[in-house]
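Put chain D on the given structure of chain P with help from the hints.
If you read the sequences in order, they're chains P and D. Each residue of the first sequence is one higher than the one before, counting from 1 in the numbering used here. Each residue of the second sequence is one higher than the one before, counting from 1 in the numbering used here.
To be clear, the hints were calculated from the coordinates, so they are not data collected in a lab. Computed from a predicted structure; not experimentally measured. Even for Gly, the Cβ is constructed at its ideal location relative to N, Cα and C. Honestly, I wouldn't trust all of these hints.
In the SDA-like style, the derived pairs of lysine to any residue whose C-alpha atoms are separated by at most 25 Å in a straight line are [as the list claims (entries may be wrong)]: (1) D:Lys77 / D:Arg422; (2) D:Lys424 / D:Thr73; (3) P:Lys111 / D:Thr73; (4) P:Lys50 / D:Gly187.
Quick list of the computed label-pair ranges, beta carbon to beta carbon [claimed, not checked]: (5) P:Ser123 / D:Val319: 34 to 40 Å; (6) P:Leu63 / D:Tyr53: 22 to 28 Å; (7) D:Phe32 / P:Ser184: 18 to 24 Å; (8) D:Ala335 / P:Leu63: 36 to 42 Å; (9) D:Asp345 / P:Ser123: 36 to 42 Å; (10) P:Gln178 / D:Asp402: 48 to 54 Å; (11) P:Lys50 / D:Asn45: 22 to 28 Å; (12) P:Leu92 / D:Leu336: 42 to 48 Å; (13) P:Pro175 / D:Glu356: 23 to 29 Å; (14) P:Pro175 / D:Met318: 27 to 33 Å; (15) P:His35 / D:Val319: 25 to 31 Å; (16) D:Leu169 / P:Lys50: 37 to 43 Å; (17) P:Leu23 / D:Tyr53: 52 to 58 Å.
Listed below, chain by chain, are the residues.
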Amino acid sequence: MPQRNDDVTRRRLLRDGLWGACLAGIGGVAGFAAHKGQKVDWLWQIDPYKCIACGNCATHCVLEESAVKCTHVYGICGYCEICFGFFDPEPLAINEGAENQMCPTGAIERKFVEEPYYEYSISKSLCNGCGKCVKGCNAFGNGSLFLQVQHDRCVNCNQCAIAAACPSQAFRRVPADQPYLLKSVDHV
Amino acid sequence: MVRPRLILVALAALLVVGVAALGLERFPPPEFETDYVRPTTTAPNPPQGLWEYVDAGVLAVTLVLATVLILRTRNRKLIFALMLFCLAYFGFFRNGCVCPIGAVQNVTLTIFDPGYAIPLAVLVFFALPLVFTLFFGRVFCGAVCPLGAIQDAVLIHPVRVPRWLESGLRLIAYLYLGAGVLFAAMGAMFVICRYDPFVGFFRLSGNWEMLVVGACLLLIGMFVGRPYCRFLCPYGVILRQLSRLSRWRVTITPTDCIQCHLCEDACPFGAIRKPTEPWPNKEYQVARRRLAFLLVLLPVLIGAGGWAGYELRQWLAMVHPEVRLAQRIYLEENALVEGTIDASDAFRALGRSSDELYAAATQLRDRFGIGGALLGAFVGCVIGGKLLSLSVKRRRTDYEPDPASCLACGRCYRYCPKEHERLKRGREGLVRH
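Okay, chain P solo, but in the shape it has when bound:
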């Protein structure tokens, strides 16, 4: 049956053409992306100058213990005796007693340096990323405390759950060779 044969050939030709087109399409997209691509991976990070320390970081991370934690840039810190990131707004006394502290997990360590300066350091294993200290330090201090995604903990979700919940759009993808957006002294 020549008629039937012809039909089969036509269909096969169409199929083969489509097949080739699909392969070329995949190749084209992959080629375009690879041509544009650099070798580094992308990671999520918080722009500290946009962050308002709303507290979502502590609750929205897919990890039980958030990958976001407080970071301290000592070069900006005023070493205040009365630190608004450390002390509760209405402390009973100016000392390290837990009842006087802002941090709900006691993750900030206060150490005397010299009169009248005190060093504040974050114990990362205790910090839950709630940002209460960040809020205090930003509002009344130098803003040397701020939240950053800790890349030893972050599982780098393709869509960060905190980024989706961030009210100030402070999360963005950063190249893996510059994984932190630290505050600097000379930022305007």
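For chain D alone, coordinates are given in the frame of chain P:
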């Protein structure tokens, strides 16, 4: 005794009045007289990017293995074992991220966002399963995909889903793909990853809403085979279409079909098609007229879909945080709502003007108009195409897996008497050697 509270309140009041902008050095960093050295800021490095390449390598190896096991060895037990390995590796060990399903959005973002370029490993994850599907059918779905595997592993009592319902529900997957691509292109969010139902299980932690959705899907999956793959998976609908063109694919019988009907109910995914009966002449005429009607209907559906998508642009644009923010600020400025929210507070703290925000939001909404129209046209095209394919009857003489729907799980093989004959021959051959 002076109450420290008073000191703090007084200090706070002073500072708030004195300093307007954030982050100013209200207290100049001290010059220390002692030999105190400032500690350096701890910023732990991310794990080395090597794992990504290991993952890409494992993906390539498992795809090759899956192809051999599914198309050559035809051994369901081995396929299942490979599937469990991939579930353990890509799922529980590597936490289910990145996967080819989500990689669709990374590719989209690469095309539309000049500032973003896809990492090589993610590109491999996107392209490799597609290429394998073009050659060998959906071997990725059958044995490699961890999302498919977790559902396949819980399937205990499959019930048959009617064809019409299956086709209807599958429309969700097309819509999901379209929406995922649209929102990724607009830079709004990766919606497919945000609502991944199983990644929470892989990590053994996650947002409880998605864990509940995942648990429900797994519960349904005990009776309806692989519900995510069949009705939701946005990558699956791409693989479906490519699989229609594949060079080699699953065949139920290793040699020829003897029409024994034994495989008829073997497939838990309703992918086995029966031989067709020839149509009576009269019905043929009706079918031809119907086909002509549907061909005319196709552009109408595409147009209607495009129009609907364009009309929905305001609603679609609300997925973008910038547009949501603009809406909120507008409401607040015109005293249509009371109070502020975190987002509007953050906006004001940054000192952007609201006109600038409105302009950005308007531009985004216009872009969503184009995107929405394309999304709608795509959905219209899918519906039209489905209607067309339903009205065309292919002549089929044997029991065959549907090339698009077959998930290449290999369950049907052992239902075929010819397969048993083949295995027996193989065993005898081994003995003779």
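(request) Starting from the hint list further up, note which numbers the structure goes against and sort them upward. (result) 3, 9 and 17
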